[in-house]
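Number of protein chains: 2
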Amino acid sequence: MKSVKEIISDALAAGQKTLSEYDSKRILTAYGISTTQEILVDKLAEAEVAAEQIGYPVALKVCAAEVIHKSEQGLIKLGISDLSELRHVYESFALKAQSLGGGVLVQEMVKGSRELVIGLTRDAHFGPCVMFGLGGIFTEALGDVSFRVAPLTKHDAKEMCGEIKGQKILHKIRGLEPVKMDLLSQYLKHLGQIGLEHPAVREIDVNPLIVQDGGQPVAVDALIVLEEPKPQNFEAKSVAGGLDKFFEPKSVVVIGASFTPRKAGNDVIQNILANEFGGKLFLVNPKGGELLGHKVHPSIRDLPEGIDLAIIILPAENTPQAIRDCAAKGVKAVVLAAGGFAEVDDHGESLQAQTLKAIRDTGVRAIGPNTSGHISTPHHFTSSFFPLGKIPRGNVSYIAQTGNFATHTMRYIATGENFGVARVMGLGNKLDVEESEILEYYSRDTETKAIFMYLESIKRPLRLCEVARKVTRFKPVMLLKSGSTAEGADAAVAHTAALASDDRIINGALRQAGIVRVYQYSHLFLAAKAISAMPLPKGNRVGFLAPSGAMLVCLTDLCCRQLELAVPAVEEKTRHYLQKISPPFIRMRNPVDSWPAAATKGVQFAYREGTEALLEDPNIDAVVMILMITDETGVPPLDFVVDLARCYPEKPLYVTFTGQKKHMDNAKAFLEPQGVPTFPLIEQPFEVLSILARCHQAMIRP
Amino acid sequence: MKSVKEIISDALAAGQKTLSEYDSKRILTAYGISTTQEILVDKLAEAEVAAEQIGYPVALKVCAAEVIHKSEQGLIKLGISDLSELRHVYESFALKAQSLGGGVLVQEMVKGSRELVIGLTRDAHFGPCVMFGLGGIFTEALGDVSFRVAPLTKHDAKEMCGEIKGQKILHKIRGLEPVKMDLLSQYLKHLGQIGLEHPAVREIDVNPLIVQDGGQPVAVDALIVLEEPKPQNFEAKSVAGGLDKFFEPKSVVVIGASFTPRKAGNDVIQNILANEFGGKLFLVNPKGGELLGHKVHPSIRDLPEGIDLAIIILPAENTPQAIRDCAAKGVKAVVLAAGGFAEVDDHGESLQAQTLKAIRDTGVRAIGPNTSGHISTPHHFTSSFFPLGKIPRGNVSYIAQTGNFATHTMRYIATGENFGVARVMGLGNKLDVEESEILEYYSRDTETKAIFMYLESIKRPLRLCEVARKVTRFKPVMLLKSGSTAEGADAAVAHTAALASDDRIINGALRQAGIVRVYQYSHLFLAAKAISAMPLPKGNRVGFLAPSGAMLVCLTDLCCRQLELAVPAVEEKTRHYLQKISPPFIRMRNPVDSWPAAATKGVQFAYREGTEALLEDPNIDAVVMILMITDETGVPPLDFVVDLARCYPEKPLYVTFTGQKKHMDNAKAFLEPQGVPTFPLIEQPFEVLSILARCHQAMIRP
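Chains as they are written, first to last, in the numbering used here: chain A, 6 to 707; chain B, 6 to 707.
The shape of chain A in the complex, shown without the other chains (with noise of 0.2 angstroms):
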């Protein structure tokens, strides 16, 4: 028996582009994936015996190197009863299988009414992944599938199949017993393994793969597909490290800096001394003289040695250039703001591999090109060229492809809402640093508490997944992944060159690294909000109060259909402070009609007593208030919500509204800086709620 690596070394030799489903299949048994049991033959009287040996009814199948598609191509007979029959297909397939070089498989019949898929493909940026799914017709009809990175853990084997939309059929159904989960997950961390050792595998396709009626899945149909294999193509970093130049510089100096209000190279200046920025800053302009209480020095020749970081805000064309006298001048680490590189033209491009040598040659790090800056409030210090004033100082750090978070969102962030930021990292086009370094230095930041990141590109995707599967045990990390429709990605043109991956394999990826995907803008600051005042709920289970029975069965509907979040019973001391509280009545449970008791006892006393015993009840993981609020209802001091926001810091509280327009943004001013965050509509909480509860999953995943 020839042994795997031999199967793909002859076929490769042959100059075979695909196995044979016998061949395919030998591999697949080499590594413990169950088969059919069957014979490949060239002659009748071969086939004659084969089919007694196994058993009527048989399958016959056209077999060869370069066979795919055979249903389609009317290369496979199913359910041949007897021998006349045999002779009679076989003869049609001999001359077939003759003239594409191959023989004639004679197979058992497998039977079982639920067909899978498993496979491997090796993607472009995360190598070889493993899918699994809905087979047969299904599998191109409904596109249920999951995909995980190789090697999968058991756990990752088990958690894909819970994936899939269609998993019921993996259970107890219609008289079937349950398929054999053991094996099954064997056999997706077997495919994973075949990729990972033997490169030339570009793609394996079992389907379907039967589960036969005791549970016991069946490779019925396989087909591996080959290329030579390809050098990995990850690019070498001349240099590491090296980020707390930007982060933590002692010393800063802009190159470009600008007399005329309004520009890039003035506006940096004044959010570098509007956040007191406690370092040297240097200026240089060569016109010289003074800019805002500054000496402007003439050129980079012209400045100090061994200055941490140089913000460049120059043109494109002389960005490579600056790059070069810096460094010439020890400096480590270098922003580059210009845009008109790679996301332009090809004259761009040209410019962009200039500043990558530049950045090579040198040994420098950089962020950049295209990039809006960066911000550590720690270190009072940003690089963003848009105006910010004083930006508000926090726990929650963003790592964004876009220039956003460090300008116009930074400034609703700032104008709009109540928490503040460690670090902000604004990416541009990645040409030097890149996600994955800054996601490992946030993870060691005592100044970051969460993470987000928004990418429409991630540039070394294994690196990231490494890093944050590491980071997800103890920070929760957040990504907006834009671009995965194909408008999205058309969009993304515009904005950065980036090519996104297959969004399933990402989705996968991102699964097995704990980190949570959440698909607004809005929950960016939204979540973020709630993470910077309070802990991570520890589950799903939902309890809150509303002052109205519309809003406590819309919202319960809304979590349990949309939100993967429970709104479970309390326990029965708890019910029964509750019913004790409020009028006899209304019948009380969670969620909590918060109004007969308001209009008897008050609204204080009512939100305050209802609240407290929800956060006290062993069976709810995070309270939401729903305040009604009006003159005549009612305006209650606040100061009990933030107490009893005090008395329970291992539960989130987060607070919402009904009402009057102005006592709601009265009580965000008010809760708000005192650690409760609040949301203007209703579902808000409920939606961040459901991320977060996401990441604590991911925090305490196998």
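Simulated from the structure, these hints should not be mistaken for lab results. Please note that a few of the clues may not be correct.
Identical chains blur together in the list; that is why a pair holds if it fits in one copy or across any two.
[Said to hold, decoys possible] Computed list of lysine to any residue pairs in SDA-like fashion (alpha-carbon distance at most 20 angstroms, straight line):
1) Lys82 with Glu113
2) Lys656 with Glu96
3) Lys235 with Glu569
4) Lys177 with Gln78
5) Lys116 with Val223
Assemble the complex: chain A is given as a structure, and chain B must be docked to it using the hints.
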């Protein structure tokens, strides 16, 4: 041959609850639905002849009236390939068949890898409903099915086939011919006919309906479940009409007027006065005297004859007598504010029965009980007892099985938004007036442009749909139907006594009726705001401008992935103009990156020209402007936005923001009173467009 009627009546006479597969299929055949060729036998010799006639392989099935779940019970043998196997299987089936009082069915084996399910269920509310979906094991595993209420139009049948997730299997796939859709549509329509013509048919289950490789669907198994026909359970109304007494009363009396501020019987008077009601206002309280400038009558008996409307704010116990007293004085309509009826306990249920009897005996029209009242701004009137002040007048109307829209949510709308309402009806327990009547009233109401409904139960579903079918052709109707998850329905019990039909049936019925379902409470006012000021979009093609590439990408993803909106290419002429106003380095298209032009030519110029280009483009149905406003980048006067909205009255134009919060607030305060809706979060205008585009789609449905 027995007729369909005879088959059913004989079975009922014999006490059968189900028809045998054979009889079920005879009925299908009579309605033009293809079934497998099959012969019912009770002797081996007959079986042999039958198999010979049909041709091997054949299937054998035990066939008897009360046999269901044949597969699970081992009463089916497929793929019998020859005489000896036939004999063997027949032996084992014959006894079982005999003991069950049936025979053995010899059946052709139908070839086809696509299994569908079609069926019928007699819904307690909607009557016979037709189902379509993925068949075989997937019916249970995926629940990928859709429903329509019988009778079905061809459009209904086509639409329900296109609604399932696995609809691709109906098309050409994997070398298989597309399903013959005309036949399939016929089958679905005819199933509905069976249900309409034979009230004893409770359920029909055709699973699988196998699609032969040529595209012909064939019923391979079938089961008809019977029941003694029940009389239709639709409550007869003693009176209908007369709703103008609620919405345009000339004289009103408050029974239970209160001298104590913040009591319901006081607040209702304050509301009536604040809204400058122009008719006559009477008050009743045993104390007599004067209240808020009005004489107080000590009893109903002291009132003049023929007052249009009485607002009865009395305890539940006193409500039935008050209705009778009012009626005796010629009152035509009553609002019943008291709670404490069926929504609470058995005693309440008995009070509710007494109340209903009083209504029916007297022939008054009544809303409630357990309602917070209603609103009619064109008539300057409200019966709400929640402090509202002057309610802003507008052109949207609500029908709500909650008081919220006549209480705190109305208060939010009045204080936080810049649109108003025409009519609001808080339905309460719906003893008399229910949603279908209000919908009909609003359909004729020239003050009402769009209708928003919140319902937890539907009292007369068929009538609601019948009314909606007409009104949705010229007015948009949106519905938040809550209590649609088990947990939500559970929460609903605390609120009003309500029972939900299967959510999928409701979905189908609403689609047929042109009602657009929404899923978030907040959308009830966000969409109202949008439709108040702007036309419906005439399609789902959105054009938008944002000052950030990241927003362009994220929102395009959102539109295409979640919202069923398209972000199409604009005409070359438009593209060319967008390019002309922008710096050459940026490649312009839809969505529009507004910032390069804004940075070089000013915010106002860039947004005005870009927006106008999109508004003029024939490929675009609606435009969203994401305006960046900060002190430093520019806060343009926004008259240009108002002008654009006026110049292009045929297309919706919505505004949202990024940047500085105070400018966003100012822009909202400036734009909305002038007819341009704004939204705080960038996703919201798109969510609203998605809802309204579906309303337009419903309006132009065949």
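Consistency of the hints with the structure:
1. For the identical chains of this complex, Lys82 and Glu113 are neighbours both inside a copy (12 angstroms) and across copies (19 angstroms), given an alpha-carbon limit of 20 angstroms.
2. Taking identical chains as interchangeable, the C-alpha atoms of Lys656 and Glu96 are never at most 20 angstroms apart, the minima being 74 angstroms within one chain and 67 angstroms between chains.
3. Taking CA atoms no more than 20 angstroms apart as the test, Lys235 paired with Glu569 passes in neither setting, with 42 angstroms inside one copy and 40 angstroms between copies.
4. For a Cα distance limit of 20 angstroms, the shortest separation of Lys177 from Gln78 across copies, 15 angstroms, qualifies, whereas the shortest one inside one copy, 35 angstroms, does not.
5. Taking the shortest alpha-carbon separations for Lys116 and Val223, only the intra-copy value of 10 angstroms comes in at or below 20 angstroms, while the best inter-copy value is 22 angstroms.
Checked against the numbered hints given earlier, the structure breaks hints 2 and 3 and satisfies all the rest.
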